[in-house]
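Undergrad: Sequence:
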Amino acid sequence: MAIDGNFNELRWFTPWPNDNSIYDYELPEIITRTNNQVLTKFGQSLIETNDGCIGFEICEELFTAKPPHIDMFLSSAEIIINNSSSYFELGKLSKRVKFMKSATLKCGGIYVYGNQRGCDGDRLYFDGSPMILSNGRVLAIGMQFSLNETEVVTASVDIEEVRMYRSSISSFYNQSNSAPEFHRIFIDFDLKQSNIPQTDPVIVEYLKPEEEINLGPACWMWDYLRKANMAGGYFIPLSGGIDSCSAAIITYSMCFLILNAIQNGDEKVLSDLKRIVGLPNESTWVPKTPKEISKYFIYLRF
Numbered sequence: 005m006a007i008d009g010n011f012n013e014l015r016w017f018t019p020w021p022n023d024n025s026i027y028d029y030e031l032p033e034i035i036t037r038t039n040n041q042v043l044t045k046f047g048q049s050l051i052e053t054n055d056g057c058i059g060f061e062i063c064e065e066l067f068t069a070k071p072p073h074i075d076m077f078l079s080s081a082e083i084i085i086n087n088s089s090s091y092f093e094l095g096k097l098s099k100r101v102k103f104m105k106s107a108t109l110k111c112g113g114i115y116v117y118g119n120q121r122g123c124d125g126d127r128l129y130f131d132g133s134p135m136i137l138s139n140g141r142v143l144a145i146g147m148q149f150s151l152n153e154t155e156v157v158t159a160s161v162d163i164e165e166v167r168m169y170r171s172s173i174s175s176f177y178n179q180s181n182s183a184p185e186f187h188r189i190f191i192d193f194d195l196k197q198s199n200i201p202q203t204d205p206v207i208v209e210y211l212k213p214e215e216e217i218n219l220g221p222a223c224w225m226w227d228y229l230r231k232a233n234m235a236g237g238y239f240i241p242l243s244g245g246i247d248s249c250s251a252a253i254i255t256y257s258m259c260f261l262i263l264n265a266i267q268n269g270d271e272k273v274l275s276d277l278k279r280i281v282g283l284p285n286e287s288t289w290v291p292k293t294p295k296e297i298s299k300y301f302i303y304l305r306f
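Numbering (our numbering), first residue to last: 5 to 306.
No lab work stands behind these hints, which were simulated from the structure alone.
From a predicted model like this one, the values you see are computed outputs, not experimental measurements.
Heads up, some of the hints might be wrong.
What the hints assert, rightly or not - In silico DSS-like links for lysine-lysine, alpha-carbon gap of 30 angstroms or less:
{"#": "1", "residue 1": "Lys292", "residue 2": "Lys196"}
{"#": "2", "residue 1": "Lys110", "residue 2": "Lys212"}
{"#": "3", "residue 1": "Lys110", "residue 2": "Lys96"}
All chains should be built: construct the whole structure from the sequences, respecting the hints.
TA: Structural data, given as structure tokens:
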């Protein structure tokens with residue numbers, strides 16, 4: 005569980021025992037009435053299909069000294085899925101990529117990573133960057149800073165390549181003999197599809213710290229503005245010092261991102277902008293410059 009940085013999950017939760025135990029959990033009556041199911045399995049399991057095996061881990065587990073994906077890979081899982089809630093920090097994207105590359109490079113495997121995007125109601129911003137890796141290579145990665153509410157990345161991967169890669173690692177099969185057993189849930193489903201070209205690796209482009217400082221807070225400001233339904237916008241007192249100048253520049257960056265999203269056809273951003281500035285949704289107004297946006301809801305005081 006995450007107990008560093010802005011997280012202190014031990015205040016509210018107790019970690020699940022790391023013993024791969026599976027328990028029968030009694031379902032609420034409303035679910036039992038709906039599907040006639042009384043019990044469900046609760047715990048760490050693998051999903052086994054006709055031609056592959058899928059494991060799961062969450063957010064913080066990726067960064068731990070002994071992440072679950074190691075034992076899952078050793079227990080024949082070819083794919084690991086991570087639904088994460090990892091907030092933005094300078095250089096955090098590089099750290100995530102490095103850990104996932106290491107996981108799939110050491111064991112062979114496919115890692116599918118999804119992350120929260122946007123402001124969660126307080127000072128944290130979650131920077132998305134969904135990605136898919138295979139055998140130490142990044143096959144697809146989404147945008148780190150974007151006003152899109154959701155983003156989907158896809159990649160076509162040959163599972164047989166994972167198995168061939170593992171066959172070249174002599175230590176993999178030696179260690180897999182002593183790997184812990186996982187409860188398996190079988191699904192009558194085929195992962196493989198023929199006649200689909202494989203996805204080529206991509207080069208991950210990392211932003212400079214100055215660019216991250218400019219874009220991260222700008223995305224947070226827009227998401228907070230639209231979710232809080234703050235009609236009127238932001239009031240920024242300027243003293244002429246470095247702090248207030250930085251705030252003004254980041255605010256202008258937000259306006260630039262809004263314009264870019266609108267020009268790329270994002271109707272949701274345009275609709276939210278009209279609502280915030282007090283225009284009806286049927287209004288034909290479409291901004292043409294960041295300055296035009298800023299004059300509607302950025303108020304300065306010297």
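Undergrad: For each hint, tell me whether it holds in the structure or not.
TA: Going through the hints against the structure:
1. Lys292 / Lys196: Distance of about 47 angstroms is beyond 30 angstroms: violated.
2. Lys110 / Lys212: holds (29 angstroms)
3. Lys110 / Lys96: holds (21 angstroms)
Comparing the model with each earlier hint shows a violation of hint 1 alone; every other hint is respected.
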